[in-house]
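**Q** Mind docking chain B on chain A? Use the hints.
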Amino acid sequence: MRLSERSVDTQGQPIKFSCRDVQVYYGDKHAIKDVSVELQDKTVTAFIGPSGCGKSTFLRCLNRMNDTIDIARVEGAMLLDGEDIYDRRVDPVQLRARVGMVFQKPNPFPKSIYDNVAYGPRIHGLSRNKAELDEIVEKALRGAALWNEVKDRLGESGTGLSGGQQQRLCIARAVATSPEVLLMDEPCSALDPIATAQVEELIDQLCQDYSVVIVTHSMQQAARVSQKTAFFHLGNLVEYADTDDIFTRPRDPRTESYISGRIG
Amino acid sequence: MTDVPSDLPKRVGAPARKSLLTPDTRTKRRNAAESRFKVYGILAILVALLALVFLLFTIIRDGSGAFRQTFISIPVTIEASVVDPKGNRDPAEMAGTLTMSYGALLEQSLTNWVEQNDIRIEGLTEADLASFFSAQARADLRNRVLANPELVGQTVETPALAASRIDGMFKGRVTRESAAIDNRTSVAQYDLAEAMRDRGALATRFNWDFITRPDASDNRPEAAGLGVAILGSAYMMLIVLVLALPIGVATSIYLEEFAPKNRLTDLIEINISNLAAVPSIVFGILGLAAFINFMGLPRSAPIVGGLVLTLMTLPTIIISTRAALKAVPPSIRDAALGVGASKMQTVFHHVLPLAMPGILTGTIIGLAQALGETAPLLLIGMVAFVTTYPAAPPEGFFDAASALPVQVYNWTQRADSAFFERASGAIIVLLAFLFAMNVLAIVLRRRFERRW
Chain A
1 MRLSERSVDT
11 QGQPIKFSCR
21 DVQVYYGDKH
31 AIKDVSVELQ
41 DKTVTAFIGP
51 SGCGKSTFLR
61 CLNRMNDTID
71 IARVEGAMLL
81 DGEDIYDRRV
91 DPVQLRARVG
101 MVFQKPNPFP
111 KSIYDNVAYG
121 PRIHGLSRNK
131 AELDEIVEKA
141 LRGAALWNEV
151 KDRLGESGTG
161 LSGGQQQRLC
171 IARAVATSPE
181 VLLMDEPCSA
191 LDPIATAQVE
201 ELIDQLCQDY
211 SVVIVTHSMQ
221 QAARVSQKTA
231 FFHLGNLVEY
241 ADTDDIFTRP
251 RDPRTESYIS
261 GRIG
Chain B
1 MTDVPSDLPK
11 RVGAPARKSL
21 LTPDTRTKRR
31 NAAESRFKVY
41 GILAILVALL
51 ALVFLLFTII
61 RDGSGAFRQT
71 FISIPVTIEA
81 SVVDPKGNRD
91 PAEMAGTLTM
101 SYGALLEQSL
111 TNWVEQNDIR
121 IEGLTEADLA
131 SFFSAQARAD
141 LRNRVLANPE
151 LVGQTVETPA
161 LAASRIDGMF
171 KGRVTRESAA
181 IDNRTSVAQY
191 DLAEAMRDRG
201 ALATRFNWDF
211 ITRPDASDNR
221 PEAAGLGVAI
231 LGSAYMMLIV
241 LVLALPIGVA
251 TSIYLEEFAP
261 KNRLTDLIEI
271 NISNLAAVPS
281 IVFGILGLAA
291 FINFMGLPRS
301 APIVGGLVLT
311 LMTLPTIIIS
321 TRAALKAVPP
331 SIRDAALGVG
341 ASKMQTVFHH
351 VLPLAMPGIL
361 TGTIIGLAQA
371 LGETAPLLLI
381 GMVAFVTTYP
391 AAPPEGFFDA
401 ASALPVQVYN
411 WTQRADSAFF
421 ERASGAIIVL
431 LAFLFAMNVL
441 AIVLRRRFER
451 RW
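Protein chains in written order, with the numbering used here: chain A, 1 to 264; chain B, 1 to 452.
Check each hint, because a few of them may be wrong.
Calculated cross-link-like contacts (lysine to aspartate or glutamate; reagent style DMTMM-like; alpha-carbon spacing at most 25 angstroms) [as the list claims (entries may be wrong)]:
| # | chain 1 | residue 1 | chain 2 | residue 2 |
| --- | --- | --- | --- | --- |
| 1 | B | Lys261 | A | Asp242 |
| 2 | B | Lys343 | A | Asp242 |
| 3 | A | Lys111 | A | Glu75 |
| 4 | B | Lys261 | A | Glu135 |
| 5 | B | Lys343 | A | Asp115 |
| 6 | B | Lys343 | A | Glu83 |
| 7 | B | Lys343 | A | Glu75 |
| 8 | B | Lys326 | A | Glu83 |
| 9 | B | Lys261 | A | Asp28 |
| 10 | A | Lys111 | B | Glu79 |
| 11 | A | Lys111 | B | Glu256 |
| 12 | B | Lys261 | A | Asp67 |
| 13 | A | Lys29 | B | Asp209 |
| 14 | B | Lys171 | B | Asp209 |
Please keep in mind that the hints were generated in silico from the structure rather than gathered at the bench.
Bound conformation, chain A alone (with noise of 0.2 angstroms):
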């Protein structure tokens, strides 16, 4: 762990994410319970906790994933910059231009790796012509340190890449939409230790532009990469702190029992 390393000061970041009293129930099951938490910008937030504790949940309705499922109903106040996603007038697509995704399994569209990170600016118009968005993809490809490996090769398929390109491939096409926040649910439980590592880097790098939220199983991970984490227990969230805080003097017993490996 290099809880002692951590350089980044997270303490005058404006509040990006503001929740408040969030329920979220599938059908009958209450699978979240009265959570709230502020989420700060340019920072990385670790949401840990047991399978099933409801923290993939949560973060799924950061840009309303959870309305592709019929019955996911949520409730409670979610504001994005104090506007409210969930308000009638919010179009879920404009939110997730804004809240990119990053998923479990690395999902790149059977296209080649040019247009797997050009269609995000493409449905967006985010360019104008060839040139500007040959820029973006560059951009974004740099930006999830891809480029090099992939520059000569960017006709061929992305689904052709390894697992961990593929993964970079996809934080690529979040980050092409320009968004403020990414979420990542567990981006690395597929990986190897490797390209673990590279994820884990470019999380440290992307938080100085974005605000990072990461759910994790790996309390190491939540260690390495966040700065602030939260730790879900039952759908409930049983405490939220400064990461190095929960780690080493934890307030709640079963956070403690948690992170010493007691329960989970």
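**A** The following block gives chain B in isolation, referenced to the frame of chain A:
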């Protein structure tokens, strides 16, 4: 972490240790069951293969004859006095000459040919010579002369259709013995046919007319062809493709990707599955009531057949398209939605292209099913005897036409065994079309298939 109770006896139910080199009885039994199962599987495949081979063998044996036809090639003098009594070579005037007179011309030239070649056959009567030619041969000759009046007065060597019994002699359908008891042929005719073949005046060759000619009446099977039926079937397939593919795909996309899951959509889903199991003849009754009696569309027309077959094919296309859409991994939808694509962009940019191979395969299988469908077409009058080709589309959709499977059904009902041969030949053509469609399905599948 689960706690393991430690007070359990250590080896409850544990097997006695034996050598790995000698299989125990339980393993032996399991292995025997597995081998038996494999044998059953292979047997089942063999039975299916045998049935297929038998089917193909009998159909090709019975039907290949339809693709060969016997023609008579002797010099025929087109007497001006017979075909153009006024002598002005005006096709309009010459059209007054009946087909019967051309028959007399053919009969006369055969008589002359027999005399010139000095063929003596006991009991050869004038009637034998007259019935040597197909009734279609006179009509063909007349059409040829009317189209080209300069032929009048000349001697032409024209391949003329031989009568079905003569044709049968070269395909094994008619033997010398059967000719003796057949009142439509005679032993003398049989001998004449053999003599003519030896002198090269009678030859059996490949018969394009079987593919192109329209159906013919009961007493001239040698002239019957599939032209109208192939056109009718092609028109209907066109209508089915144009209507069923977009409607079916749109329905599937809506139900699979957009529709809320509630009682109504459940009901629609169940009904679509049930429609796929409705006997096709019921669709025929529906077509008769809705399209012909209510909407007043013409009987026997490809438009009505196409509409009925569209209704019949829709459930097949919808079910296979929905299966193809379901098979697209949800991660692709998540990925597209995650970068801010709308639902429709997700479907049309990502899901639909990936589902395309499945959709095309389902569509082509649906089309193949429609191509072979007979029962509903009988009810809407496609079984009518049609000898005129339908016009080019779109007007042709409203003209009377036949269909391939109906033509098969039609011919198997006729008495003359020559029609049985034609029916088998038509089945070969139908199978060839189905085979071509399946090959197309495979090719399209390969082309559109992508990895993810």
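**Q** Against each hint, give a clear statement of whether it holds in the structure.
**A** Hint by hint, here is what the structure shows:
1. B:Lys261 x A:Asp242: violated, 43 angstroms
2. B:Lys343 x A:Asp242: violated, 38 angstroms
3. A:Lys111 x A:Glu75: Violated: Lys111 (chain A) and Glu75 (chain A) sit about 38 angstroms apart, past 25 angstroms.
4. B:Lys261 x A:Glu135: violated, 43 angstroms
5. B:Lys343 x A:Asp115: Holds, because 19 angstroms separates the two Cα atoms, which is no more than 25 angstroms.
6. B:Lys343 x A:Glu83: Holds. Lys343 (chain B) to Glu83 (chain A) sits at ~23 angstroms (cutoff 25 angstroms).
7. B:Lys343 x A:Glu75: holds, 23 angstroms
8. B:Lys326 x A:Glu83: violated, 36 angstroms
9. B:Lys261 x A:Asp28: holds, 17 angstroms
10. A:Lys111 x B:Glu79: Roughly 75 angstroms separates the two Cα atoms, so the pair is violated.
11. A:Lys111 x B:Glu256: Given pair Lys111 (chain A), Glu256 (chain B) holds - Cα atoms ~23 angstroms apart, limit 25 angstroms.
12. B:Lys261 x A:Asp67: holds, 14 angstroms
13. A:Lys29 x B:Asp209: Status violated; Cα separation ~72 angstroms.
14. B:Lys171 x B:Asp209: holds, 17 angstroms
Going down the numbered hints, you'll see the structure goes against 1, 2, 3, 4, 8, 10 and 13, while the others check out.
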